[in-house]
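There are 2 protein chains.
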Amino acid sequence: MTHITSPKNPRLKTLRRLRGRRERDRSGRFLVEGEDLIAAAGAAGRPALEGYRLAGSGLGENDFFDVERSALGAVSTLGSSTRVLAVYEQHWATAVGPLCVYLHGIADPGNVGTILRSAQAFGASCVALGPGCADPHSPKAVRASMGAIFAVALAHVTDARDARELPGERIALRADARESLRALAGEAGAQPITLLVGAEREGLPADVVAACERSARIPIASESLNAAMAATVALYEITRGRSDAPRSSRVRTS
Amino acid sequence: MTHITSPKNPRLKTLRRLRGRRERDRSGRFLVEGEDLIAAAGAAGRPALEGYRLAGSGLGENDFFDVERSALGAVSTLGSSTRVLAVYEQHWATAVGPLCVYLHGIADPGNVGTILRSAQAFGASCVALGPGCADPHSPKAVRASMGAIFAVALAHVTDARDARELPGERIALRADARESLRALAGEAGAQPITLLVGAEREGLPADVVAACERSARIPIASESLNAAMAATVALYEITRGRSDAPRSSRVRTS
Numbered sequence: 140m141t142h143i144t145s146p147k148n149p150r151l152k153t154l155r156r157l158r159g160r161r162e163r164d165r166s167g168r169f170l171v172e173g174e175d176l177i178a179a180a181g182a183a184g185r186p187a188l189e190g191y192r193l194a195g196s197g198l199g200e201n202d203f204f205d206v207e208r209s210a211l212g213a214v215s216t217l218g219s220s221t222r223v224l225a226v227y228e229q230h231w232a233t234a235v236g237p238l239c240v241y242l243h244g245i246a247d248p249g250n251v252g253t254i255l256r257s258a259q260a261f262g263a264s265c266v267a268l269g270p271g272c273a274d275p276h277s278p279k280a281v282r283a284s285m286g287a288i289f290a291v292a293l294a295h296v297t298d299a300r301d302a303r304e305l306p307g308e309r310i311a312l313r314a315d316a317r318e319s320l321r322a323l324a325g326e327a328g329a330q331p332i333t334l335l336v337g338a339e340r341e342g343l344p345a346d347v348v349a350a351c352e353r354s355a356r357i358p359i360a361s362e363s364l365n366a367a368m369a370a371t372v373a374l375y376e377i378t379r380g381r382s383d384a385p386r387s388s389r390v391r392t393s
Numbered sequence: 140m141t142h143i144t145s146p147k148n149p150r151l152k153t154l155r156r157l158r159g160r161r162e163r164d165r166s167g168r169f170l171v172e173g174e175d176l177i178a179a180a181g182a183a184g185r186p187a188l189e190g191y192r193l194a195g196s197g198l199g200e201n202d203f204f205d206v207e208r209s210a211l212g213a214v215s216t217l218g219s220s221t222r223v224l225a226v227y228e229q230h231w232a233t234a235v236g237p238l239c240v241y242l243h244g245i246a247d248p249g250n251v252g253t254i255l256r257s258a259q260a261f262g263a264s265c266v267a268l269g270p271g272c273a274d275p276h277s278p279k280a281v282r283a284s285m286g287a288i289f290a291v292a293l294a295h296v297t298d299a300r301d302a303r304e305l306p307g308e309r310i311a312l313r314a315d316a317r318e319s320l321r322a323l324a325g326e327a328g329a330q331p332i333t334l335l336v337g338a339e340r341e342g343l344p345a346d347v348v349a350a351c352e353r354s355a356r357i358p359i360a361s362e363s364l365n366a367a368m369a370a371t372v373a374l375y376e377i378t379r380g381r382s383d384a385p386r387s388s389r390v391r392t393s
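Those sequence lines, one after another, are chains A and B. Going by my numbering, the first residue of the first sequence is number 140, and it counts up by one from there. Going by my numbering, the first residue of the second sequence is number 140, and it counts up by one from there.
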């Protein structure tokens, strides 16, 4: 296998461009760094298109390129501590139920990645990204997702008006909604749902709210909750409402 | 008022040192950047010990120093976009109920700040920081707290064995607990509680678990939840268990 020593190697230059959104959008590929994330890709059955590992480390697949530390560090967004990198194809799907999360204007890649992780944790079927969202395939979002980028179905919603095509009953998460999320989750049963989450300050725009059957709030004492925390709490509440036995039949275990 | 033009100004040099934990620990002070956070301090009745603003901006208090942009940018952890900075006294208290959150080994300052914010959102009375936690007064934690650093009482727990002095019934959040958080929250009523949260991979150490009356888990489909998300969901569940009317008496609002 080729042994790469120079950061000016043409393959590494192409790899480096994947750190930017333009090249990711153009190629439909993305860059993944570190053993844990590459293992998550493997667990999800997603093959690397190409891989690069620290020379002598023996990490990754047999056909990964061996790269000298300084050349590998020049590509990584994490610097010289990275020992393995790989390129994957982006997968995009149509938004599907039974539990879809729609994000609107969530511009912070860390928040998008965290929400992907929560979506996986609570068994959501899909995360749909509306206008103004950070690229879920950016290095920071991928890292925050802790591998959920490979496990959760992703959908694009390029026009907010298409929110009315999101699956199931659409529930807008809004600070000023009359109904609490818990009351609503108790009534929702097992029908398909899309949870719609807006940015922390701006919330959801009027045309997206108009596409929703219901609104719900998370009761809080302060002014606002981080968007990722709000989405996480909502996913927890909706999935608890679906799976928990009624209180009266619960057995004390302590 | 003095007009500061040089980044080598002795006051700015002292300020710069507050970016490091050593100087924060030594002085018992911390640095706050940006209008929103300084407004949050004001709303919490916490006076700035000293303040620095972009010359000509008129921001902050009357007695803030006017500083040239380049000199101010050299102090800020956010660079030249910062227009106002101030120094505050750290406040530390004894851990108090009725709802305290104890963190153990939460080393990421962003997670610590996010948990402070959730603690404020769900009306927790206190956040107690055990061994291995990031400094809640670091610039990154303060920023992630969105001002909650001024609103939530903070306590130190320097020795994990002191976990048995945390207020009320102590509930360890553990992935392998038999009881679900919801079952427990339904039973807990309004008695004082401390929720104990460990780091994502390591969890809570045995001596901290031994100091707890109960353990509870957040049911998830994936391997783990980020510590800030777990703490946020737990705070939500506990406070919902306290404030929500029983389901049968709820009124449909839609």
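Any given hint might turn out to be false.
Unchecked claim - Pairs of lysine-lysine residues, derived as DSBU-like cross-links and limited to a Cα-Cα distance of at most 35 Å, are as follows: (1) B:K152 x A:K279; (2) B:K147 x B:K279; (3) A:K152 x B:K279; (4) A:K152 x A:K279; (5) B:K152 x B:K279; (6) A:K147 x A:K279; (7) A:K279 x B:K279.
Hint data in this document are derived by calculation from the structure and do not stem from the laboratory. Since the structure is predicted, the reported quantities are computational estimates derived from the model, not experimental observations.
>> Run the distance test for K279 of chain A versus K279 of chain B: straight-line Cα separation, threshold 35 Å.
In response: It holds: about 16 Å lies between the C-alpha atoms, which stays within 35 Å.
> For the pair supplied as a hint, K147 of chain A and K279 of chain A, is the alpha-carbon distance within the 35 Å limit?
Replying inline: holds (24 Å)
> Does the structure keep K152 of chain B and K279 of chain A at a Cα separation of 35 Å or less?
Replying inline: holds (32 Å)
>> Tell me if the straight-line CA distance from K152 of chain B to K279 of chain B falls inside 35 Å.
In response: Judged against 35 Å, a Cα distance of about 20 Å means the pair holds.
>> Does K279 of chain B sit within 35 Å of K152 of chain A, going by the straight-line distance between their CA atoms?
In response: holds (32 Å)
>> Would the hint linking K152 of chain A and K279 of chain A be met if the CA-CA limit is 35 Å?
In response: Roughly 20 Å between the alpha carbons, so the hint for K152 of chain A and K279 of chain A holds.
>> Between the alpha carbons of K147 of chain B and K279 of chain B, is the straight-line distance 35 Å or under?
In response: holds (24 Å)
Checked against the numbered hints above, the structure violates none of them.
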